[in-house]
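Colleague: Given these sequences and hints, build the entire structure.
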Amino acid sequence: YMAACCVTFEEYIMYCFATGKEYPDDEGWGRGRLPVINVNWYDAVEYCNFLSLMHGLETVYTINSDKVTPNWQANGYRLPTEAEWEYAAREGGKKVRFGNGQNTLRATEANFDASADYKPYSKIGEYRGKTVAVDSFKPNALGLYNMSGNVWEWCWDWFGGDYYKNSPRENPRGPETGSYRVLRGGRWSSLPQGCRVAFRGHGTPIDRYFNYGFRLAFVPQLHG
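Once you know that position 25 of the sequence shown is 37 in the working numbering, the rest is easy, because the numbers rise by one and skip nothing.
Since no wrong hints were added, every one of them can be taken at face value.
Using 25 Å as the maximum straight-line C-alpha spacing, the simulated BS3-like pairs for lysine-lysine come out as follows: (1) K142 with K131; (2) K131 with K150; (3) K150 with K107; (4) K107 with K135; (5) K106 with K131; (6) K106 with K150; (7) K33 with K79; (8) K150 with K135; (9) K106 with K135; (10) K107 with K131.
Derived from the structure by calculation, the hints contain no laboratory data.
Modeller: This is how it looks when you write it as structure tokens:
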């Protein structure tokens, strides 16, 4: 399962309060239902483990300094893999260009830089210049909000430019090592091209920026 929305400031600040972690900067835009920003990849995996423990679930990540080892059999919260993220953004693998389930994107459907007419992707519309609430706009057919625009979303995978040429067909999880972690979905200042569900971003895992956020994934355990 994929979370319907990115983790919010409201949710992340509760974690900071419980752990004594420093609050991330909101850039003066506000907190509440806005997506948490200025979080790096390590912040995201640590939050996943915290939430797993809070809900009585097995933690997915073993964290030893900058080395993070996943237990894919654990039932706790984690970051989606890049392949999982794109499958969900495509509404279950459909051939669509954007996370709204369409081949075009408008400023009334997503938060991105719509200040010019980017044919054939989009028409001129509002450029907000900052984040908006995580449940803004209509969700896609899987009930997921803002899969295009608003904030870049950290994924589990190391970034490898040619990885998918020889990757496993079932559940690829990225290269074993790398220098950058995958970011997906585009941001509030992205042009439409950067909001395409096929567009692959990447960032240094220690970097915190005002357009980096994340959403959670987990695999429910079936009984009976």
